[in-house]
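The hints should help you fit chain B onto chain A, whose structure is shown.
These protein sequences, in sequence, are chains A and B.
For the first sequence, position 145 matches number 176 in the numbering used here, and the numbering has no gaps at all.
For the second sequence, position 226 matches number 468 in the numbering used here, and the numbering has no gaps at all.
Keep in mind the hints are simulated off the structure, nothing from the lab.
Take these hints with a grain of salt, some might be off.
Covered by chain A, according to a simulated footprint, are these stretches of chain B (three or more residues, beta-carbon under 8 Å) [said to hold, decoys possible]:
1) 292 to 305
2) 314 to 327
3) 337 to 346
4) 350 to 357
Beyond 10 Å from chain A on every Cβ pair, some chain B residues (computed) [as the list claims (entries may be wrong)]:
5) Ala265
6) Ser330
7) Ser334
8) Gly374
9) His375
10) Ala429
11) Leu473
12) Pro484
13) Leu489
Take a look, some chain A residues computed to stay more than 12 Å from chain B by CB distance [stated by the list, open to error]:
14) Trp37
15) Leu151
16) Asn158
17) Leu248
18) Pro252
Just so it is clear, CB atoms sit at the ideal spot from N, CA and C, and this is done for glycine as well.
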Amino acid sequence: MLERIWHILVKEFLQIRRDRWARFRLLVPPLLQVLVFGYAATFEVFGVATAVLDLDHSQESRALVAAFAHNPHFGIVRMAASQREAEAAIDDSSAAVAIVVHAGFAAALRKGQPAPLQVLVDGTNSNSALIALGYVGAIVDTYSQAYQNDLLGRINPKLARTLVQIRLDERPWYNTSLNSRWFFVPGVIATITLIMVVNLTAFAVVREREMGTLEQLMVTPIRPFELIVGKTIPFFCIGLALMTAVTLTGTLWFRVPFRGNPLVLLLGTSLYLLSTLSLGLTISTLCKTQQQAFATNFFLVNPLFILSGFSFPIASMPAFLQWLTYANPVRYFIVIIRAVFLKGVGVAVLAPQLLALAAIGAVLMGVATLRFRKSLD
Amino acid sequence: MSAMPSIPAIEVQALGKRFGDFAAVSNVSFAVERGEILGFLGPNGAGKSTVIRLLCGLLRPTSGRITVDGIDVGRDPEAVRRRIGYMSQKFSLYSDLSVLENLQFFGGVYGVPRQAIGERIQDALRMAGLAGHADTPVHALAGGWKQRLALGCAILHRPRVLVLDEPTSGVDPLSRRRFWDLIHDLAADGVTVLVSTHHMDEAEYCNRVALIDRGRIVALDTPANIRRRALDGELVEVRGTPLGRLLEALAAYPPVRDAAVFGNAVHALLARAADEAPALAAYLAGRGIGEVAVARIEPTLEDAFVRMIGRQAQGAGGAA
Numbered sequence: 032m033l034e035r036i037w038h039i040l041v042k043e044f045l046q047i048r049r050d051r052w053a054r055f056r057l058l059v060p061p062l063l064q065v066l067v068f069g070y071a072a073t074f075e076v077f078g079v080a081t082a083v084l085d086l087d088h089s090q091e092s093r094a095l096v097a098a099f100a101h102n103p104h105f106g107i108v109r110m111a112a113s114q115r116e117a118e119a120a121i122d123d124s125s126a127a128v129a130i131v132v133h134a135g136f137a138a139a140l141r142k143g144q145p146a147p148l149q150v151l152v153d154g155t156n157s158n159s160a161l162i163a164l165g166y167v168g169a170i171v172d173t174y175s176q177a178y179q180n181d182l183l184g185r186i187n188p189k190l191a192r193t194l195v196q197i198r199l200d201e202r203p204w205y206n207t208s209l210n211s212r213w214f215f216v217p218g219v220i221a222t223i224t225l226i227m228v229v230n231l232t233a234f235a236v237v238r239e240r241e242m243g244t245l246e247q248l249m250v251t252p253i254r255p256f257e258l259i260v261g262k263t264i265p266f267f268c269i270g271l272a273l274m275t276a277v278t279l280t281g282t283l284w285f286r287v288p289f290r291g292n293p294l295v296l297l298l299g300t301s302l303y304l305l306s307t308l309s310l311g312l313t314i315s316t317l318c319k320t321q322q323q324a325f326a327t328n329f330f331l332v333n334p335l336f337i338l339s340g341f342s343f344p345i346a347s348m349p350a351f352l353q354w355l356t357y358a359n360p361v362r363y364f365i366v367i368i369r370a371v372f373l374k375g376v377g378v379a380v381l382a383p384q385l386l387a388l389a390a391i392g393a394v395l396m397g398v399a400t401l402r403f404r405k406s407l408d
Numbered sequence: 243m244s245a246m247p248s249i250p251a252i253e254v255q256a257l258g259k260r261f262g263d264f265a266a267v268s269n270v271s272f273a274v275e276r277g278e279i280l281g282f283l284g285p286n287g288a289g290k291s292t293v294i295r296l297l298c299g300l301l302r303p304t305s306g307r308i309t310v311d312g313i314d315v316g317r318d319p320e321a322v323r324r325r326i327g328y329m330s331q332k333f334s335l336y337s338d339l340s341v342l343e344n345l346q347f348f349g350g351v352y353g354v355p356r357q358a359i360g361e362r363i364q365d366a367l368r369m370a371g372l373a374g375h376a377d378t379p380v381h382a383l384a385g386g387w388k389q390r391l392a393l394g395c396a397i398l399h400r401p402r403v404l405v406l407d408e409p410t411s412g413v414d415p416l417s418r419r420r421f422w423d424l425i426h427d428l429a430a431d432g433v434t435v436l437v438s439t440h441h442m443d444e445a446e447y448c449n450r451v452a453l454i455d456r457g458r459i460v461a462l463d464t465p466a467n468i469r470r471r472a473l474d475g476e477l478v479e480v481r482g483t484p485l486g487r488l489l490e491a492l493a494a495y496p497p498v499r500d501a502a503v504f505g506n507a508v509h510a511l512l513a514r515a516a517d518e519a520p521a522l523a524a525y526l527a528g529r530g531i532g533e534v535a536v537a538r539i540e541p542t543l544e545d546a547f548v549r550m551i552g553r554q555a556q557g558a559g560g561a562a
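Here chain A stands alone, though its shape is the one from the complex (with noise of 0.2 Å):
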């Protein structure tokens, strides 16, 4: 059994260096995700494009207009002089931002009544109109402030001495400074990991039934489990030098800390491995031809990404999807490599993880054998 193995292993590799375009196709484009996703992946938004029109003309509006100006997250680029103006500069999207102040603010805030402020946002991009949403928030709210405070010093200077107020203390933990790369770079791993894998074996298979080859296998005193462990092992191990690439990518050139025990990425690497070869086995089994593999693929890979909490938080899906994330091998894996990256923590806290992982791996895996062989009848 191990002979015939070891033949199959030797077959293997030896087709795989014979092919160039796949050497190619291995290690260039994860390591360009990798750099891609590394500097583009931000969620961060700066000089967000803003029209601004002053229609109060006071010392206050002035004042507003100047701290967005100052703002790095902002970037005035036209002061417009009629409301026509500010919303064409949305329109065309010369600016995504406009802030509009009404005749009649300064008055207003001068009498202690609410000034109303007006916002115009390019809700096109939901995502970053969102989070420039926030920052104009926070920058009317400091303003708003320092103009109650400064009211109210001049009206009763000892009160506003005694003012209660909540000063909000922000630690994030893990990643002190909310590096959206920290966050990126380890799920990027997964992903990338996944695609190349489930690929990989797919094709692997599917190419030798097209060939002609896998009838060929099937007559031979070949066991369809000898076939399957000589098939995945040499994509298993270029799944571990790939993850070793892309993880040495991330942590020396995007500086991504890696605070865990990388024996902990290890056994956890190798349990994604087996689910993400077992599922790419399984595709084979239900494919004819590369391109209905191709396309399996590309109809599986997608929704396995968006449902594993890589960008989108899984709490915020509708319960039915939350169900379907827990079938998700990247799910779990996402969350055991950022904590071995950022967090450090060990196999006890990333157990359930582990276990899940192990779990849905052995499932899939019995499930490709199965189909493995009815697929020759």
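Relative to chain A, chain B alone:
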């Protein structure tokens, strides 16, 4: 093995295979003796490949039983596979590997002992005429060479039974001839060969031929016997123009039992060719067919085959 000389190399009993409602193989029985070459002859889709795939354990039969060397395929498929060398219809070696790497791989997975593998590979290279090409990548080989290499890979483990599914499709005639010489050498060494083909001329190389049509064995005999017995009468080759009208006229002429186009002539079946040929020629001339020529010919397997399949179709039509 001398203890059980009576066991046929392959024995198939009442074999049936259904795919849903479609009966691909129905009630097929035959036995092949050691060292015999049995040919499967039949049109595409007749069920030749299905029987072969059932025999190798690639498909599970719906009914019936297959034994190879006395071993039941259903009960111990792996033991059977160790005794079978198989070449599928489609060329199925690894074209990105070299000749030697393919031989090493198949020798390895068939469990050829390490001390024997080197010699067997040399044998296979010599047999396939590939000596000196061990390091050539397989994709660079011509069709006939690939076919011989596939045969070389299939016999590395010295199988008692060789199963070849249309091994010569897409190979030039000279290479086909050479391939058949190899098959005969192997059979002479006691290897049992089951080979399917749709080349009628190749069937003449077989010891016995099974004609397969719509999942059934229509005839199973030596090529000579099939030729002789299939035709209930004597065969004449009728030439004349135009061919279409010639065929119509022959089909309408009661003494002609069967008529079919072969090349640019029609083969017609008569009860006694010598007595009826002159009348036939006169009849055709009267029907406005020019350049009529009638000649007695020996039936080929193809004649026999067409006649038998035709009878089957008529029988099936009458029953339905």
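Hint-by-hint comparison with the structure:
no. : hint       : verdict
1   : 292 to 305 : holds (count 5)
2   : 314 to 327 : holds (count 4)
3   : 337 to 346 : holds (count 5)
4   : 350 to 357 : holds (count 4)
5   : Ala265     : holds (17 Å)
6   : Ser330     : violated (5 Å)
7   : Ser334     : violated (4 Å)
8   : Gly374     : holds (21 Å)
9   : His375     : holds (17 Å)
10  : Ala429     : holds (20 Å)
11  : Leu473     : holds (38 Å)
12  : Pro484     : holds (44 Å)
13  : Leu489     : holds (40 Å)
14  : Trp37      : violated (8 Å)
15  : Leu151     : holds (61 Å)
16  : Asn158     : holds (46 Å)
17  : Leu248     : violated (7 Å)
18  : Pro252     : violated (5 Å)
Hint compliance for this structure: hints 6, 7, 14, 17, 18 are not met, and every other hint is.
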